[in-house]
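Go by the hints and put chain B onto chain A.
2 protein chains.
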Amino acid sequence: MFEIIKKDKDTKARVGKIKTAHGEINTPDFAPVATAGAIKTLSSQELKEAGVQFILSNAYHLHLKPGKDIIEKAGGLHKFMNWQAPIITDSGGFQVFSLAPLRKIKAEGVEFQSHIDGSRHFFTPEYIIELQLALGSDVMMVLDECVHYPAARDYTEQSLKLTIDWASRSKKFYASRDTLYASQIFGIVQGGTYTDLRKQAAEQLLEIGFDGYAIGGLSVGEPRDLMYEMVNFTSGILPENKARYLMGVGVVQDIFEAVENGIDIFDCVVPTRNGRNGTAFTSKGKLTVRNALYAQDFSSVDPECDCFCCKNYTRAYIRHLLSIDEMLALRLLSLHNIYFYAKLMKNIREAISKGKFLEFKKESLKHYNVIAK
Amino acid sequence: MFEIIKKDKDTKARVGKIKTAHGEINTPDFAPVATAGAIKTLSSQELKEAGVQFILSNAYHLHLKPGKDIIEKAGGLHKFMNWQAPIITDSGGFQVFSLAPLRKIKAEGVEFQSHIDGSRHFFTPEYIIELQLALGSDVMMVLDECVHYPAARDYTEQSLKLTIDWASRSKKFYASRDTLYASQIFGIVQGGTYTDLRKQAAEQLLEIGFDGYAIGGLSVGEPRDLMYEMVNFTSGILPENKARYLMGVGVVQDIFEAVENGIDIFDCVVPTRNGRNGTAFTSKGKLTVRNALYAQDFSSVDPECDCFCCKNYTRAYIRHLLSIDEMLALRLLSLHNIYFYAKLMKNIREAISKGKFLEFKKESLKHYNVIAK
Chain A
80 MFEIIKKDKD
90 TKARVGKIKT
100 AHGEINTPDF
110 APVATAGAIK
120 TLSSQELKEA
130 GVQFILSNAY
140 HLHLKPGKDI
150 IEKAGGLHKF
160 MNWQAPIITD
170 SGGFQVFSLA
180 PLRKIKAEGV
190 EFQSHIDGSR
200 HFFTPEYIIE
210 LQLALGSDVM
220 MVLDECVHYP
230 AARDYTEQSL
240 KLTIDWASRS
250 KKFYASRDTL
260 YASQIFGIVQ
270 GGTYTDLRKQ
280 AAEQLLEIGF
290 DGYAIGGLSV
300 GEPRDLMYEM
310 VNFTSGILPE
320 NKARYLMGVG
330 VVQDIFEAVE
340 NGIDIFDCVV
350 PTRNGRNGTA
360 FTSKGKLTVR
370 NALYAQDFSS
380 VDPECDCFCC
390 KNYTRAYIRH
400 LLSIDEMLAL
410 RLLSLHNIYF
420 YAKLMKNIRE
430 AISKGKFLEF
440 KKESLKHYNV
450 IAK
Chain B
80 MFEIIKKDKD
90 TKARVGKIKT
100 AHGEINTPDF
110 APVATAGAIK
120 TLSSQELKEA
130 GVQFILSNAY
140 HLHLKPGKDI
150 IEKAGGLHKF
160 MNWQAPIITD
170 SGGFQVFSLA
180 PLRKIKAEGV
190 EFQSHIDGSR
200 HFFTPEYIIE
210 LQLALGSDVM
220 MVLDECVHYP
230 AARDYTEQSL
240 KLTIDWASRS
250 KKFYASRDTL
260 YASQIFGIVQ
270 GGTYTDLRKQ
280 AAEQLLEIGF
290 DGYAIGGLSV
300 GEPRDLMYEM
310 VNFTSGILPE
320 NKARYLMGVG
330 VVQDIFEAVE
340 NGIDIFDCVV
350 PTRNGRNGTA
360 FTSKGKLTVR
370 NALYAQDFSS
380 VDPECDCFCC
390 KNYTRAYIRH
400 LLSIDEMLAL
410 RLLSLHNIYF
420 YAKLMKNIRE
430 AISKGKFLEF
440 KKESLKHYNV
450 IAK
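So the sequences go chain by chain: A and B.
Each residue of the first sequence is one higher than the one before, starting from 80 at the first, in my numbering.
Each residue of the second sequence is one higher than the one before, starting from 80 at the first, in my numbering.
It is possible that some hints are incorrect.
[What the hints assert, rightly or not] In silico EDC-like pairs for lysine to aspartate or glutamate, Cα to Cα no more than 20 Å straight-line:
{"id": "1", "chain 1": "B", "residue 1": "K390", "chain 2": "A", "residue 2": "E103"}
{"id": "2", "chain 1": "B", "residue 1": "K147", "chain 2": "A", "residue 2": "D376"}
{"id": "3", "chain 1": "A", "residue 1": "K422", "chain 2": "A", "residue 2": "E128"}
If you are wondering where the hints come from, they were derived from the structure by calculation, not from laboratory data.
The following block holds chain A by itself, in its conformation from the complex:
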């Protein structure tokens, strides 16, 4: 289901392909986040046109609203949201564990109260697979406990035991069920910031056997260097012939670092959240379109960009829309940022294919941390 097409000559970066029932994902690639079945402000058609290959949705949110039954009756999430390309779904582990103190972990599963209405729910590893099968997910994730930073070693160790036990139950349950499509199941490597626990987690998950492996529990407040250390270490001990997924990471410099270390897929709210806050990613750096500086700037958000927003609208117009709280601005900037990410990932794939990854990385990062004008 995962095929390596080209390995970088200088680093562990690789170009590959994840094959799903809804088409292929050329990797490395980045999934915008359709938390509850929609990429905020955007239609499925716009995503497709922007070059998005796959999206991530969240089992926790979809369980609460609209609920498993409705999506099942719709014929799955692809039909429900009219998105015919691959969908990967997160198990909700991260969301549920963010609910503390509204949740209680038991060996059987986790009990929690909805962030929406306070209603009580119980997630077991088995139910989460059942739920993702009902969604028709192309790539589903096992229920895990996401340990926050900093976490004591004792707690992390104990938590990992639970996560591995749940992974085992998830796989067993998954293997016993018919799937709506030819789906895939990924294990999630936890272990906090302890390399030996990460190693143990990876080994135990490999023993259970999954179609691919995610690295979870990072980008949760730890220093950037520590995150890189964990990504690089963990990626290095995962099998080469399986897809590697770095969860919740989406800052451009982090993507480059992770790709360099063999990561294949990413998801993050960075492009869409920034767009809704009035910030655009451009070929010259970050642009705070809301800034008064652009009130009379009739150039496009990124003169080097070919997206719908940049082909049709100016900074001055979008700034005006932001200043009157007009949703169209949020749409245009979200779309631009998603296009920017899709193109960046395409360029990364091309750079690896041409043996020029490090060169492209260096060139790109020159512009990344600067403020565009």
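Frame of chain A; chain B shown alone:
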């Protein structure tokens, strides 16, 4: 600039054409409202694809944000918002007079405080023309005082004197200026709910001479029958060879009544505001998509509709989006309602052309006031 193409055999309805520098408006037609330079949630491209021929913007709002200078520097409103079809602009009379007690009427003009930041402004009839010229409006309106309902006869009479004086000054100023495009200027018939004052207003405006005539000050709280009486009376005394514009009216049954009495163009926030509130206009009546009834309804909003929303999404999906406050739902329903209005107006034009207006009206209104399922 206005040409009658076909008169209805049974009523005063007519099919015509308003020619502008940005193309023709086939009438009768309806303008969605781009108050401050955007139809809320929608792009200019979507409007065009939905069949919108022209839009209305508001001088009052654009004066406050982004201001005359910025739009002038952008090369006019068409360029600013990337809308290449006709734009008509309201003078802001209605908005300013809604600001009471934050405004003070003088013979010279009207002093008011911004609804946004309380800053002080002074609108004269001349400035309002200057402003609309800067916007590059295709059809601009004179500054008027919009009298609310109910208004005493004395007040209405006195107010009308001012409105006529301002209309005269507006025309004089307009005639003295170069225009960015071959623009047009419309007078606005006021006179409250007094037919003799409406008559006097129409006669005095005709004497001044305008490219077309608007009927203002209606749909401001008066009973529907009284509104119809005023529209029918006023339309009847306006010259046949000039376009007639009923301002701020957009409820479907009112449109039919007014078209029947010779009105050519309309504007109203009804389709967009309803869309943002979760209500869709359909061939079977109004549909409150937010209703729990549709949680598992996988049909389109209007199975007889060909719009982007109806071709791609279901009631259940849109209802889900509404329940999570997702903007995409507001976009889809706004677009659907605008498409519905554009198609309705096209059908009205076709019905008049075929001599079947009354038949089409009767058939349409059967469905209008019912709740769709």
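Q. CA of K147 (chain B) to CA of D376 (chain A), is that 20 Å or under?
A. Judged against 20 Å, a Cα distance of about 15 Å means the pair holds.
Q: Quickly compare the C-alpha distance for K390 (chain B) and E103 (chain A) to 20 Å and report which way the hint goes.
A: violated, 26 Å
Q | Pair hint K422 (chain A) and E128 (chain A), alpha-carbon separation not exceeding 20 Å | A | holds, 12 Å
Hint compliance for this structure: hint 1 is the single one not met.
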